[in-house]
Amino acid sequence: MKRTVAPAKPLRRNSRSMTVSSYLFLAPFLVFFAVFTVIPVLCAVVLSFTNFNMVTVPTFAGISNYVRMLLDDDVLLTAVKNTLVFAFLTGPFSYFLCLLLAWLVNEVNRRLRVVFTAIFYIPSTVTNAIAIFAYIFSGDSYGLANSTLMQLGIIRDPILWLSDPTYNMGILILIQLWLSLGVGFLSFIAGFQAIDPSLYEAGAIDGIRNRFQEFYYLTLPGMRPQLMFGAVMQITASFSVSAVPIALTGFPSTNNSTTTVVTHILDISTLRMEMGYACAIATMLFLVMLITRNIVSLIIRSD
Amino acid sequence: MKIHRWIALGLTCGVLASGMLPFAHAQQPAAAITADGDLEAVIASKYEEDGYRAYRLSHASAQTAHSAVQLEAEALNFEESTGVRVADSAILGGKAIELSAGARAALRLEVGETGLYTVRLDYVYLDTEGLKNSDITLLLDGKVPFEESQRLTLPRIWTQEPIIHRKGANDFTPKSEQRAAAAVYIAADQTGMEGEFLYYLEKGSHVLTLQSAAGGFAVGRVTVGSPALPGDDAYRAGAKYDYSGDVYTIEAEEIHLKNDSSITSGVDRTDAAVSPNDPVYKKVNVLNGSKFLKPLQNASWKIDVKKDGRYRIGIRFKQDTLQGAFVTRRLLLDGEPVCAGLSNLRFGYDDNWQYTVLQADGKELWLDLSAGEHTLSLEVTLGDLRPYIQRMDDMVFVLNYLYRKIIMVTGTSPDPLRDYNLADEIPYLIPDFQAIVKELDDIYAQLGKLSVKGGQISILSQLSNQLRSFVRDPYHIQNRLANYKSNISALSSLIMTLQDQPLTIDYFSLIGDAKKTTEVKSGWLSNLWFQIRSFIGSFYCDYTSIGGGGSSAQDGGRISVWFSGGREQAELLKDIIDEQFSAKHGVAVNLQLVSISLSQAILAGTAPDVMLTTSRSQPVNLGARGVLEDLSAYDGFDKLRDVFGDTLLAPYTYRGKVFALPVTLDYHVMFYRQDILDELSLKLPQTWDDLYAMIPIIQRNNMAVGLPYTVLSSQTTIESGIGAKDIFATLVLQRNAPLYNDARTSILLDSTAVIGAFEQWTDFYTKYQLDLEYSFYNRFRTGEMPIAIQSYANYNMLAAAAPEIRGLWGMTTVPGTRQADGSINRAEAASGSGAVMVRDCKDKPAAWSFIQWWVSAEAQSAYGNALEVLMGKASRYNPANPDAMKALPWEDEELAVLLEQRSFVREIPEVLGGYYTVRGLDNAFRNVVFSGRNYKEALTEQGIIINAELARKQQEFAGVVL
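Sequences listed follow chains G and U, in order. For the first sequence, position 122 (counting from the first letter as 1) is numbered 122 according to my numbering, and the numbering increases by one without interruption. For the second sequence, position 694 (counting from the first letter as 1) is numbered 694 according to my numbering, and the numbering increases by one without interruption.
No lab work stands behind these hints, which were simulated from the structure alone. Treat the hints with care, since some could be wrong.
As the list claims (entries may be wrong) - Only part of the chain G face toward chain U is listed, based on derived beta-carbon distances under 10 Å: (1) 53; (2) 70; (3) 74; (4) 139; (5) 160; (6) 254.
What the hints assert, rightly or not - Taking lysine to aspartate or glutamate and the EDC-like style, the derived pairs with C-alpha atoms no more than 20 Å apart in a straight line are: (7) 203/U with 110/U; (8) 767/U with 157/G; (9) 767/U with 164/G.
Don't be surprised by glycine CBs; every beta carbon is placed ideally from N, CA and C.
Turn these sequences into a full structure, and let the hints steer you where they fit.
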């Protein structure tokens with residue numbers, strides 16, 4: 001059989017101009033990404049080898065910042081511990097919660113789906129919503145939690161929920177969970193929408209017996225990119241928890257009980273003005289996030 | 001007692017009587033009441049025995065006299081007068097009595113009938129420089145008839161510079177200036193709650209004496225009694241002229257005279273039709289309602305009437321604050337009331353601008369005007385709401401009283417399952433509740449008749465429903481206390497809302513025509529277009545530039561100055577700089593309003609020359625990094641050192657160099673509720689031991705003592721330092737112990753004195769169980785916290801926003817520590833902010849002269865007073881300069897307390913890494929209070945951590961040469 005060969009040149013020219021125009025479309029984002037993300041990250045790496053107090057010219061300090069980080073910073077140990085607690089408790093838990101909720105929401109009809117999506121997604125857009133927890137867990141005996149528990153006769157004296165190290169971490173984890181139904185949740189819903197319905201039909205013919213099989217064999221593999229995206233977002237979010245502890249338990253918190261790596265960085269950079277050391281910790285955090293991302297990506301791919 | 005009730009019943013329809021005798025028509029409960037719970041006695045205890053309320057009750061049968069006696073300077077009895085001078089006054093138009101400081105003027109007075117008389121003074125201030133209003137005491141026959149008559153305040157009269165509308169630019173807020181203008185003062189209650197004072201005079205001759213401690217004004221004519229106002233119909237019938245056909249429109253922002261400098265014109269951009277208006281630039285175009293709302297405030301406008309005639313009055317206004325209610329104004333023509341209707345003008349609620357032609361009882365009102373110049377004034381009054389506000393205020397007092405009685409039995413966190421037997425424990429509780437229910441229901445019904453209804457008022461019925469169910473089921477009262485308390489505070493916030501009578505006015509018109517109106521309306525389309533244009537305009541119009549003009553081409557140099565704070569403050573500051581500094585020194589000042597930190601700006605190379613508002617630890621922090629100028633090396637510094645003393649400079653000093661000069665200073669004083677201390681027979685504590693002795697008594701009655709404690713945040717560690725955060729620093733100072741070593745390289749937490757102070761501090765919270773977090777304002781008002789140590793700034797809030805406890809509280813110095821020799825050490829730590837000069841400053845002499853000027857008493861008092869003029873009493877300034885503080889309008893007794901406390905202020909120095917001190921001490925504190933650890937152990941542990949950080953910082957800065 002003879003094939004008519006399409007003229008190669010125009011196609012190539014076409015594809016080159018396509019490439020150029022694609023990059024043009026990307027350009028605005030790339031510029032912003034470079035200026036506000038790539039360059040700062042590189043700067044941080046460079047600064048991490050210096051002593052820099054924010055107002056005078058940085059001086060080269062070798063690896064002393066890294067030595068201090070690993071050998072001479074007790075608070076960092078607490079911060080790492082707290083961050084890992086956040087990462088392992090809220091991270092995976094909220095990831096699966098997102099997936100489950102997205103699945104459930106996907107099952108209801110269109111109009112309700114919009115309503116539910118809004119309900120679950122809104123808390124993460126309204127960052128100031130956490131302020132309400134300051135009232136709920138106020139240490140005053142008229143705070144909502146205190147007054148309710150005191151009326152019920154469960155406690156006798158007000159508890160300083162947010163300052164007392166016995167309670168504050170637990171409360172933060174709960175709030176963080178409530179807030180974490182964010183972008184991951186949205187991307188999962190989008191993922192469910194993206195799956196071709198004919199797949200389910202084919203699956204039914206091929207012997208899938210229930211919704212759980214359908215979910216496991218068809219839905220999950222079909223939305224791998226969204227799962228990956230959700231995971232990356234979740235990792236970044238749980239490793240960089242800072243806004244909630246600062247807003248609720250104070251900054252710095254009692255005995256550093258809710259210090260996370262990011263609040264520790266903020267403490268060192270903005271309060272103590274030791275930018276070089278702060279950059280060293282930030283660099284380490286960046287590396288840890290990168291490694292975790294790769295591990296998670298391996299797990300999801302192999303699935 | 002009985003007599004009062006009968007009289008009141010006779011007058012129930014009369015507004016006055018119901019205001020005076022809130023309880024007279026509430027039926028007395030049959031049950032026997034102990035003197036303790038007698039509501040009338042409780043309410044009476046709110047008012048002073050020799051106060052106006054008691055005075056009126058004792059003359060309840062007297063009628064208001066409607067004849068007026070006018071006293072001129074001739075009536076002066078020189079033998080009994082001192083410090084007075086009779087002189088011709090062109091302003092008052094005739095002879096006037098000038099009163100100097102401490103003067104006493106006795107006037108002979110003959111009245112023709114026995115009755116109640118108002119007293120009116122026509123006066124003028126002799127100077128226009130002072131800011132304090134003079135108080136006078138009015139005596140009848142040598143006696144002060146009632147307490148309030150001791151302090152009648154004659155307001156100074158202000159005018160406003162003309163507004164210049166510039167094309168393509170924002171208007172400046174017009175400045176207020178004092179004017180020696182004739183004014184009328186009718187003796188009245190400052191809060192508007194009692195209205196005009198009525199003095200009882202029997203037929204015959206009397207002596208009316210005016211005394212004034214401050215003096216400085218002249219009184220022209222004294223009028224005792226006032227003729228009855230003509231009714232509206234009578235006024236209409238007596239009209240001389242017919243409609244003239246002319247229409248005059250007056251823009252309300254062009255205020256001619258005002259008796260309170262805080263009445264100001266403002267900008268309204270909510271409506272396209274407000275005249276004048278511009279979608280892009282700010283035009284001063286209205287009389288600002290949020291500044292024209294307190295009873296007795298008076299603003300007047302000048303109007304030139306060309307033709308004799310009858311004029312209807314059109315007014316475009318906005319009243320969007322008192323929902324479901326109305327605000328009241330009294331219209332005066334040439335300073336005199338016109339007729340009943342125009343003296344009681346109501347302006348109803350609407351979200352939008354409204355236009356109305358003034359009317360009463362459905363009939364339009366008019367002014368009968370002769371050709372020539374006239375002044376029209378509007379005066380704020382509480383109008384028909386007054387008696388009800390007063391009755392509600394009494395109810396709040398009684399409800400708080402009963403609340404305290406209940407928690408004295410149950411405690412603030414009662415056991416829900418226990419039967420406290422409240423009805424028997426407090427025998428008067430249920431009958432009192434029943435009486436209050438009646439009273440609340442009656443107020444609600446009466447307000448309904450005035451068509452005041454809706455959201456806010458419904459708290460009255462909510463509260464009475466709750467009380468009704470308390471009466472039905474007294475066994476669960478303790479479980480519902482929190483709700484009861486929040487209902488009380490809702491009621492008292494309703495009172496506060498109603499006491500403010502904001503009315504924003506666009507313009508008003510005199511319409512010499514029976515039909516025409518001057519109404520302008522903006523359709524929603526034109527409003528939409530206006531909003532779109534103003535949105536677009538917001539991209540290119542610079543709303544942040546301060547001032548401009550005035551100080552451009554100067555030859556003495558040019559400096560840039562940063563200020564962080566509100567825009568209004570910055571504008572004020574700019575005016576004062578132009579007037580006082582630039583004009584004298586020839587230095588142009590570029591004032592910028594910023595909110596970013598100085599260190600970032602220095603890093604970016606965009607730092608200013610001078611920063612006026614540097615927070616507590618910044619000067620040493622940045623100074624040690626070598627980016628701030630050492631001010632102690634400059635000429636004239638020694639003089640400033642004498643003004644502030646070494647202790648105020650201590651937090652800004654590092655290695656002998658001073659990097660900032662103190663601008664503001666904040667310290668604690670002790671607030672107390674005199675009524676409750678009396679009830680518990682307690683005296684003010686002089687030492688902490690006295691306070692320890694009081695705490696159990698207060699707590700046994702289930703009330704609380706408040707000590708300051710700021711929850712730690714990054715803000716507090718950097719901004720306020722250690723002094724004002726809590727009382728630890730104060731306790732250390734009172735033990736004469738240093739917190740840091742002399743080189744300021746390490747903290748001394750292991751000395752006996754410091755450990756003792758720490759133990760004392762934590763004991764308050766462990767042994768005495770004081771609350772750490774609480775709302776001082778709320779608890780002090782209810783009386784739940786009769787004694788508390790707080791920043792003195794709270795004084796202004798309580799004075800401005802806690803009307804129901806007026807006169808029942810005070811402030812005094814904080815307790816001290818008794819020393820070995822028996823004396824009391826009252827040292828007190830403080831906090832504040834300072835002004836710094838950046839080392840890269842190009843014109844250092846100019847910057848130095850600017851800082852010198854800014855911390856001077858002259859500049860600080862000018863700024864403080866202007867701030868108060870603009871923003872009102874609640875935002876009183878807290879200057880570090882002692883002379884500036886004296887120049888602020890504090891009352892003498894208050895100032896004495898503040899200055900005494902201030903003389904004990906000892907500042908704690910700031911050290912490198914000082915943020916760790918605050919943090920470490922707080923951790924040690926929390927470890928003791930929350931985790932029950934041993935105080936010595938906790939303190940020692942944190943001492944090691946703090947010292948490690950301080951040592952690290954010393955190492956970091958070892959090489960820095962200053």
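Each hint, compared with the structure:
1. The restraint placing residue 53/G at the interface with chain U holds, with a minimum CB-CB distance near 6 Å, inside the 10 Å limit.
2. With a cut of 10 Å, the hint placing residue 70/G at the interface with chain U is violated, because the nearest CB-to-CB distance is about 16 Å.
3. A hinted interface residue such as residue 74/G counts as satisfied when its beta carbon comes closer than 10 Å to some beta carbon of chain U; here the least separation is about 8 Å, so the hint holds.
4. Evaluation of the residue 139/G hint against chain U yields a held restraint, the C-beta minimum of about 4 Å falling below 10 Å.
5. A distance limit of 10 Å between C-beta atoms decides the matter here; for residue 160/G the minimum to chain U is near 7 Å, and the interface restraint holds.
6. The interface hint given for residue 254/G holds, since its Cβ lies 5 Å from the closest Cβ of chain U, which is under the 10 Å cut-off.
7. For the proposed pair residue 203/U and residue 110/U, the alpha carbon gap of about 8 Å is at most 20 Å, so the pair holds.
8. Taking the CA atoms of residue 767/U and residue 157/G, the gap is about 14 Å. The hint holds against a cut of 20 Å.
9. At roughly 18 Å between alpha-carbon atoms, residue 767/U and residue 164/G fall within 20 Å of each other, so this suggested pair holds.
Checked against the numbered hints above, the structure violates only hint 2.
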